[in-house]
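For the record, the sequence lines run as chains U and Z.
Residue numbers in the first sequence follow the numbering used here, run continuously in steps of one, and reach 367 at the last position.
Residue numbers in the second sequence follow the numbering used here, run continuously in steps of one, and reach 619 at the last position.
None of these hints come from the bench; they were simulated from the model.
Fair warning: there could be bad hints in the mix.
What follows is a set of in silico ranges between Cβ atoms, one per label pair, in the way DEER data are often shown [stated by the list, open to error]:
| # | chain 1 | residue 1 | chain 2 | residue 2 | range |
| --- | --- | --- | --- | --- | --- |
| 1 | U | SER305 | Z | GLY542 | 34 to 44 angstroms |
| 2 | U | LYS202 | Z | THR512 | 21 to 31 angstroms |
| 3 | U | ARG139 | Z | GLY486 | 23 to 33 angstroms |
| 4 | Z | LEU546 | U | GLN308 | 53 to 63 angstroms |
| 5 | Z | GLY503 | U | ARG32 | 43 to 53 angstroms |
| 6 | U | SER305 | Z | ARG439 | 52 to 62 angstroms |
| 7 | Z | ALA370 | U | GLY231 | 29 to 39 angstroms |
| 8 | Z | THR424 | U | ARG160 | 46 to 56 angstroms |
| 9 | U | GLY231 | Z | GLY486 | 17 to 27 angstroms |
| 10 | Z | ALA504 | U | PHE295 | 26 to 36 angstroms |
| 11 | U | LEU316 | Z | HIS571 | 30 to 40 angstroms |
| 12 | U | ARG160 | Z | THR512 | 48 to 58 angstroms |
| 13 | Z | HIS389 | U | SER137 | 53 to 63 angstroms |
| 14 | Z | GLY503 | U | VAL117 | 44 to 54 angstroms |
Partial list, computed: chain U residues near chain Z (C-beta under 8 angstroms) [claimed, not checked]:
| # | residue |
| --- | --- |
| 15 | SER206 |
| 16 | GLU220 |
| 17 | GLN223 |
Rough simulated footprint, nothing fancy, chain Z against chain U, three-plus residues with beta-carbon under 8 angstroms [as the list claims (entries may be wrong)]:
| # | region |
| --- | --- |
| 18 | 118–127 |
| 19 | 192–205 |
Note that the structure is a prediction, hence the values are computed from the model and not measured.
Note that CB positions come from ideal geometry on N, CA and C, so glycine has one too.
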Amino acid sequence: MNQPVRTTLQKHSERLVPFVGRGPVDVHRRPRQVALRVGGVVALLVLLLVAGQVLDIARLLTLEEALALAAFAMASNLLIGYGGLVSFGQAAFFGIGSYTVALGWLHWQLSFWLALVIAPLIGGAVAGIIGLLALRSRRLYFALLTLAFSQLCYVLAQERYTFTQGANGVIGPMLPDSLIDPRHAYLFVLAVAAAAALVLWKITTSPFGLVLRATRENRERMQALGVNVFGHQLLAFVISGAFCSLAGVLFVVYSQSAYPELLDWTQSGYAVYMVVIGGMFTFLGPALGAGVYTFANQYLAQHTSDWQLILGLILLVIVLFRPDGLAGLLSPRPWRSAARRLQARFGQQEDSTTDTTDPDRTTGELP
Amino acid sequence: MTALLRATGLTRRFGGFTAVDHVDMEVQEGGIHAVIGPNGAGKTTLFRLLTGLVRPTEGRIVFAGSEIGGSRPHKIARRGLAQSFQLTAIFPRLSVLESVQAAIIARQRHTRDVLHWTGRSTTAEAGAILDRVGLGAASGQLANTLSHGDQRALDLALALAGRPRLLLLDEPTAGMSILETRQTIDLIVDLVRTDGLTVLFSEHDMDMVFGISETITVLHQGRVIADGPAATVRADDDVMAIYLGNAVRERN
């Protein structure tokens, strides 16, 4: 009786594993493409700067939240997309960043600017400890271990009432005077998020970034080439944790509070969600995913109580039809590649292999 | 010539099954050494022992004067022992050029470098290696779009990027066309003659084994049943009976 159930599960997991394991693919870039990409990024930055001046405060705050979550998603994608390490515990580091600011202010009157520097260090250190244990396992077991460790952090934040104020969270005037004006706060979040993105981009294009992707593709081969893969994946885990913490600090600028849900596994799930709908094959895809998630969340919640159902349907459609995410729609011939993918999905059975060789994926990449 | 690699009493058991059984062998520096034997003779396990992917149950492995038995794979690789895999081991979704660049970065020990760009110091060398294995024109392709023979060539390029002293090739021409086999054999001979590399390979193709190897070790059920210069091994009665005899029988 159990047999058919097991095989169905297996079939699904086989379909999912290559999907979540896939990640950014690089090809040689022509100068015109490079110019287009640089132009696109500059245009995006100008647009975000202008938005900071012209948007009404409510929308500006949503955009500010989206920027903090974009930094969170990009930092998570260093593991998920580039490293092929699907962590379900990145919220722990995000929350640690937020709580560093809040608890520092609550207990020690710690300056926000100092917390901004310390938070990534704490996040990175905790990531080092968790990574040391979780990276001993692979795939599903790695995901489950990261989930378990982040839930441990969540429970600590929830239960240690005297230190963390428990489920109430920490709320109060923890921001410096210069960040009280929402437009200033927005510009600050934009600047730090952009700087974080730049550093993360530099890391992904460095020799370390290539080694990380190569290890994702073939771990045993990388070992045979003389690379201590565990050490490198641990370094990636620490870097990702540090940047997730930094994103957590940015989130405090938006929320002016820290609460246990920031460390909960659902928060980790949102990171994976943003990475998947935005596109883990591209550097800026997760940021796009964060934007879509935040605004959809905001506006859907105003109109329907079933907003989570709609977000779920969006995810379903993307996983089935556009595994390269919304960023894949920015490829020069999105409909042709989508049609080909549909054909691959329903025309023949060996869909996962046809996906990997789709040349259109590589051209749809953002810088 | 001196022994670059020496295994003494090398044994590996999996539960009750002994895959490699007290193997003694020496690989001379600068030579081409073949390991042959029927399927299941323990060739692949022997190779995995030498490269550290499997830990020995008993016995010693000395490579270039140091004991490497039980060391971790990346430590052994750093000493100059590289391998090309029987089941092609490439990086499916990296480009051909990036794959070789990754291997060069691994050799240079720049794998933790986050400050430089990938291309700067590695592109020229990667191009030269790809030209050597005949993949110069394919450097922009994703590795998983290559033909089987070209993937094997890329696998070899990855091993060469480590500038090894000893190259282990597990059935280097399996699944290749006649032309690709010819090119691979020429390349192996050239690497040994010109670059002074030492090659240890396993192979089923007897024409290739007797065509290029100087020394041959014959494995059967995990044990060495013959070991020595190619001509001696060819004349050995046990080998004829156990291995070559089978091959002749199969052909008829």
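**Message:** Under the constraints set out in the numbered hints, which ones does this structure not fulfil?
**Reply:** Hint check: 1, 5, 10, 11, 13 and 18 fail, others pass.
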